[in-house]
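Protein chains in written order, with the numbering used here: chain U, 1 to 308; chain X, 1 to 454.
None of these hints come from the bench; they were simulated from the model. From the three backbone atoms N, C-alpha and C, an ideal C-beta is built for every residue, glycine too. Possibly wrong hints are sitting among the right ones.
[Claimed, not checked] If the Cβ cut is set under 8 angstroms, some of the chain X residues that face chain U in the computed set are:
#1 G264
#2 A267
#3 S271
#4 K421
[Claimed, not checked] Cβ-Cβ distance ranges computed for the label pairs, FRET-style:
#5 G323/X with T152/U: 35 to 45 angstroms
#6 I129/U with K238/X: 46 to 56 angstroms
#7 E259/X with M297/U: 30 to 40 angstroms
#8 T170/U with N59/X: 27 to 37 angstroms
#9 A279/X with R303/U: 53 to 63 angstroms
#10 N59/X with M48/U: 47 to 57 angstroms
#11 L68/U with K238/X: 22 to 32 angstroms
Next come the chains, spelled out residue by residue.
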Amino acid sequence: MEVALPRPRAAREPFLTRSLDNERLLAAILLAPAVLILAVFIAYPFVMGVWLSLSSTSVGNPGEFVGLKNFLKAWDDSIFRTAFGNTFFYTFWATVFKLSLGMWVALLLNRHFRGKRLVRAAMLLPFIIPTVLSTFAWRWMFDPTFSVLNWTLYKAGLIATKLPFLSDSTWAMWCAISINTWRGMPFFAITLLAGLQTINPDLHEAASLDGANAWRRFWHVTWPLLKPVTLVVVVFSVIQTFSDFQLIYVLTGGGPANSTHLVATYAYQIGVGAGLLGEGAAISLFMLPVLFFVVWMQLRYLRRLEGA
Amino acid sequence: MDTPEPRKSPRPGVNRRTVLKMTGAAGLAAAAGGLEGILAAGRAPAYAQGTELHWVRWNDFIPECDTLLKTQQVPEASKALGAKITLETIGFNDLQPRITAAIQSRAGADIFMLYYNWPQLYASALVDVSDLAEAVAKEQGGFYDVFKPSFQVGGKWLGMPHSIVGNTIAYRRSWFKEVGYEKFPDTWDEVRKAGAALKKKGKPWGQTLGHTFGDAPTWAYPVLWSFGGAETDRSGKKVAINSKGTMESVKWMQAFWKEACDEGGLAWDDSNNNRAFHAGEISASLNGASIYIVAKRQKDRIKDERGEPMVQDIDHAFFPFKGGAGQFPLYFSNGHGIMKYSKNPKLAKDLLRWLHKPENFEKWFQTAEGYSVAPTKSWEKHAMWDKIDPPLRMFRTAARNTRIFGYAGPSTAKSTEVYSKYVIVDMYAKAAQGMKAEDAVKWAEGELKKIYEG
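Only chain U is shown next, with the shape it has when bound in the complex:
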C-alpha cells in the first residue's frame, strides 16, 4: 500500500489561476464570446424570424400564432411564385457564369506575366466597391433614356433603336445576372487562383511528359485537385446569390411587372412596404430549405471527396 507523503506546503494559488486550470471551465470561458455573438446575431434573429413567420405580426401589432397560414398565403400568391422562380433562374445562371469566367480568369492569372500583381489587385475592384454604388453605376449605363451603352452602339452604327435593357422583362433579368456575375466573378477567380497555386507544378510537368495536352492536363490534373475549393466557393456564392437583395432593389425595384423580383426583395416589399412582418418573414423563410439542401448536398459531396 502506498502512502502519500505530505508535500511541503506551497503558496496557495490565486482563485483565478486555479479556476483556469480546469480545462472544461477554460473551454467554456473561451467559447463564451463566440457563442454569445452567434446567439445574439444569428440564433436570436433566426428564431424571431421563425416566430414571426408563424404569426400575424404587423408593424406595431404583436399578432398571434397562425400556424402555416402565411406560408400558404405566399404560395398562393402569383407574385411570390414569380419571385421564387426568378430567384432560381437568377442564382443558377449567375453561378454558372461566375464559375466559368472565374475559372478562366484564375487560369490566366496563374501564369507569369508582367504586371501580374497589379492585374490581380485591379480584378478585385468590382468585389470591393459597395454593391449599392456599383449597381447605381450600372443603372446609369442601362438607363432607358441616357444609356451610354445604347449611345455607343448607336454611334457605332450597330443599332437603330435603343436596346430595352431594363424596360423589357427578359432583358432586365439578364442585365441583373450580368451585373451579379461582374460583381461576384472576382471572388471565384481569386479563390480558385489560391487553389491553383497549391497544386504542385511537378504534376503538370509529369502529365506533359506523358504527352497530355493543355485540356487533358486541366481535366485530369487541375480540376480534380481544384474541386474541393470550387465546391466551397460555389456554396458561398449560391447562398449569397439566392438571398440577393441590394442589386435588384437598386437596379429595378423588382420591375418591370415583377419580372426581376427575387424572394428577398419581395419579402422586403411585403414586410416593410405593406407592414406585414409575419408574411414577409414567411416569404424570406422559403429560402431556408432550398439553401439548406444546397449546402447539405455540397458539403456531403465535399466530405466524400476528402474521404476518397
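Dock chain X against the given chain U, drawing on the hints supplied.
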C-alpha cells in the same frame, strides 16, 4: 525626480474642479427649474433634460424647402419651444424601413413624415393628434377631403396633415403646336392622338409604369378611376376591379403606351421623367411642379433646342383627362405622425402646432411655390397664387378632387398592401408589355381577391 506640473487651466480661475462644480450646479438648477439656481450657477442652462426632439422628413424635391426648414425654421422653433430640435431628411425609400424599425424597437425619431394613408398602416403606434388637427382645420378653412379617409382612423386623427404634392401634365407648348394642338388636348382620345403624332416625330410622351412610389401610382390609379374602375365596392370587402371601366382603361393604356410613349418608361423611377424632360427627350409627362420649378431655377443650364431657357416652353395641363366617368387624381398627400414611444409627445405636438401657425407655414408654402400646397383650403386664397408664374397657378385648387387608394371602399391597410405590391401599376404594365387586357385585369382581380377577400 521631477514632479509633473499641474495642467494649466484654459481660462484663468477655471480648472476642472470648477467646471465640474458649475456643470453640477447648472444641472441641479435646471432639474429644479429655479431661476435662482441658474443665476447662482453663473451660466445659462443647457436645454432641460428630455427636451430633445428628433424629426424625420424626406429629401424634398424642392431642396429650398429643406434649406428653409434646416437653416431658419428649426432654429426658430427650437428657440420658441425651448427644445433642441433635430431635423433629419432622408430618401423617400428609406422612410418605411426607418419607421418600421423604430416602431418595432420602440425607439427612434419622435416625429416621422407620413405619406398617402400610412396612419392606417401604423395606427397602433401613433399618437392621437385630433385636437391639433381639428384646431388647424377650423382656423384654416378645413382639410381637403383626401385627408379624412387617409389620416383618420376610427374617427381619430393619427397624423397631422401637412401638404399635398399635386400632379399635372408638364408639356412642351411648342411641340404640341407643331402637331396641331394650340391648346393642350383634354380628352383621353385626343391625348392619345396628339401623343402618337409626337412619337412619330421622335418626341414621345414619357411616363413610368415601374415600381416607383410616386409617378407610377399617381398615373395608374387616376386612369383606373377616371374610366369608372374601382378596386372594391363601397364596403371594401368585395373586389370590383373586373369591370367595363377597368377594361376600357387598360385598353386605352395599352394603345397609348405603344402609340405615344417612350417604352423605356417601364423601367423609369420617379426622377427619370424629370431628367428626360429637361434633356428634351420627351414632350410631356405627369409630374409635380418640379419639372417647371427646376427649369426656372436653372434657366441658364436647362435650354431647349433653340438655345432658349426651356422654362418658357413648359406649361401644365390637368390630369386625368375628360371623356371618361369623371376626373379623379391621386396626389401625394402627406403629413406627420407623432410616435407613441416618444418621450416628448406634448413637445412634438407643440412643434407641429408651431409649424402650422399661418405665419410660419406661409414661409414654407411660398418656398414650395405650388409644388406642395397646404392641407387646408384657405391657402387657396393666398396672395402668392396671383404672383407666381401662370403655369404654376393650376396647383392652387388641384388638391380638391384627389382620391386615395382603396376606392370605392375605405382606405385601409389592405389598400396599402395593394399599393405596396404595385398590383394596379403592374396590371397596366403587363398590358403595356403585351398581355391581353382581359388577362391583365383577371390577374389583378386574382391578386386583389387574395388581399381584400382572403
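Outcome of the hint check:
1. G264: G264/X check passes; min Cβ-Cβ to chain U is 3 angstroms, inside 8 angstroms.
2. A267: Holds. Min distance 4 angstroms.
3. S271: Result: violated, 11 angstroms to nearest chain U Cβ.
4. K421: Hint on K421/X: holds, closest Cβ of chain U at ~6 angstroms, below 8 angstroms.
5. G323/X with T152/U: 35 to 45 angstroms: holds (43 angstroms)
6. I129/U with K238/X: 46 to 56 angstroms: 51 angstroms Cβ-Cβ, so the 46 to 56 angstroms window holds.
7. E259/X with M297/U: 30 to 40 angstroms: violated (52 angstroms)
8. T170/U with N59/X: 27 to 37 angstroms: holds (34 angstroms)
9. A279/X with R303/U: 53 to 63 angstroms: holds (58 angstroms)
10. N59/X with M48/U: 47 to 57 angstroms: Roughly 32 angstroms apart at Cβ, these two residues miss the hinted range, so it is violated.
11. L68/U with K238/X: 22 to 32 angstroms: holds (27 angstroms)
Of the numbered hints stated above, those contradicted by the structure are hints 3, 7 and 10, listed in ascending order.
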